[in-house]
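*Asks:* For reference, the chains in residue letters:
2 protein chains.
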Amino acid sequence: MMTIEFPDKFVALFRSDLGLTVEEYALFTSHFHKEFVGKKQHYLREGDFNTLKAYVTKGCSRNYIIDETGKEKTLFFCFEDWWLGDIESFLTGKPCKQYVQAIEDMELLCITKADFYKLGERIPRLMSWFNTKIQKTHFATMHRLMEAKCSQPEEQYLSLLEKQPDIYQRVPLQYIASYMNIEPQSLSRLRKRLTQK
Amino acid sequence: MMTIEFPDKFVALFRSDLGLTVEEYALFTSHFHKEFVGKKQHYLREGDFNTLKAYVTKGCSRNYIIDETGKEKTLFFCFEDWWLGDIESFLTGKPCKQYVQAIEDMELLCITKADFYKLGERIPRLMSWFNTKIQKTHFATMHRLMEAKCSQPEEQYLSLLEKQPDIYQRVPLQYIASYMNIEPQSLSRLRKRLTQK
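Chains A and B, in that order, give the protein sequences. Under the working numbering, the first residue of the first sequence is numbered 1, with each subsequent residue one higher. Under the working numbering, the first residue of the second sequence is numbered 1, with each subsequent residue one higher.
Chain A on its own, in the form it takes in the complex (with noise of 0.2 Å):
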């Protein structure tokens, strides 16, 4: 059996922020396995079934729907630290309406739905941190309506920079620009403007 190394963010979240013991968290790590999904790979696709939590510890990924004209829109990005999936499908059981790309290769610390539900009945605290998280989780989501309802190409893409600096090296213009629902034409245009002000 691999050994997993943790990353310094997920101790601190289940050590220091959520205070399980030693003994709680030996036992919810000892349920997790790594898994690996090369770039441009699909993590999941629309009709599958998101049966994993997942961490991920390397790489970063988008989320996407195909619209009516069979064109791909962004809806958000996933990096290091970062929860990665289809919420609604891991929650009700039923199939994905999204896409999951990677745009990096990508390594995951993953634990069963199944498995998390189980350790969630011993260990409540688990369960109160996964609330607390879907929460969040709703939070984002309704922010990031908000920001497609209102802000200009510009506002989005301060945004984004403020929330990953490095963005902009590691992920595809034309994944900014759909996320952005702008032309890749005009974020180029964007950049250069805002990098010579």
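None of these hints come from the bench; they were simulated from the model. Take the hints with a grain of salt, since some may be wrong.
A pair holds if it fits inside one copy or across any two, identical chains being indistinguishable in the list.
Claimed, not checked - Here are the simulated lysine-lysine pairs, DSSO-like style, with alpha carbons at most 27 Å apart:
id: 1; residue 1: 9; residue 2: 118
id: 2; residue 1: 192; residue 2: 34
id: 3; residue 1: 40; residue 2: 163
id: 4; residue 1: 163; residue 2: 149
id: 5; residue 1: 136; residue 2: 97
id: 6; residue 1: 39; residue 2: 149
id: 7; residue 1: 94; residue 2: 9
id: 8; residue 1: 113; residue 2: 149
id: 9; residue 1: 9; residue 2: 39
id: 10; residue 1: 163; residue 2: 94
Starting from the known structure of chain A, fit chain B onto it as the hints suggest.
*Replies:* Below, chain B alone, put in the same frame as chain A:
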């Protein structure tokens, strides 16, 4: 004290679906009070604190934000038997980012956040229901984001009609257009075209 009549769907939700006992249900509902919001009045404004859980028994409303150019952007509507408010402000205790405005005269059944959480400690099923409710709210918001990114106006028009068949009788055209991110004139043309089909 005014006697409160709880609508059938409210009773069914907490008695049949959630399975509260007669005593639990009586305790829970004894903490509700009625509130009224006049047509065009704001139930919440940006910067307010959402400290009530409010169940809509009559009327409808819209949640909106104001963009940098001062334009109102409708995020979603709320009708009878829905819960009203800015859930992020309710959960975090932070100021609202959204406005909630009555489109018709509204009647609400309200319980304070403090009472709700206090009861949640005595009736754990209430908290389970609330956590599930947040999940569903999250899914609805994610669908709104996907729709905002993807859907053609015609599709959004039909989806609104399906969810709320009387929406075009109750909600002014400009709010629906703003929800769909199109100009009111375009919505008028779209309606004409679709009703002639």
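*Asks:* Please go over all the hints and tell whether each is borne out by the structure.
*Replies:* Hint check:
| no. | hint | in the structure |
| --- | --- | --- |
| 1 | 9 / 118 | within (24 Å within a copy, 33 Å between copies) |
| 2 | 192 / 34 | neither (40 Å within a copy, 56 Å between copies) |
| 3 | 40 / 163 | within (23 Å within a copy, 37 Å between copies) |
| 4 | 163 / 149 | both (19 Å within a copy, 21 Å between copies) |
| 5 | 136 / 97 | both (20 Å within a copy, 15 Å between copies) |
| 6 | 39 / 149 | between (31 Å within a copy, 25 Å between copies) |
| 7 | 94 / 9 | between (30 Å within a copy, 26 Å between copies) |
| 8 | 113 / 149 | neither (34 Å within a copy, 29 Å between copies) |
| 9 | 9 / 39 | within (24 Å within a copy, 49 Å between copies) |
| 10 | 163 / 94 | between (31 Å within a copy, 21 Å between copies) |
Checked against the numbered hints given earlier, the structure breaks hints 2 and 8 and satisfies all the rest.
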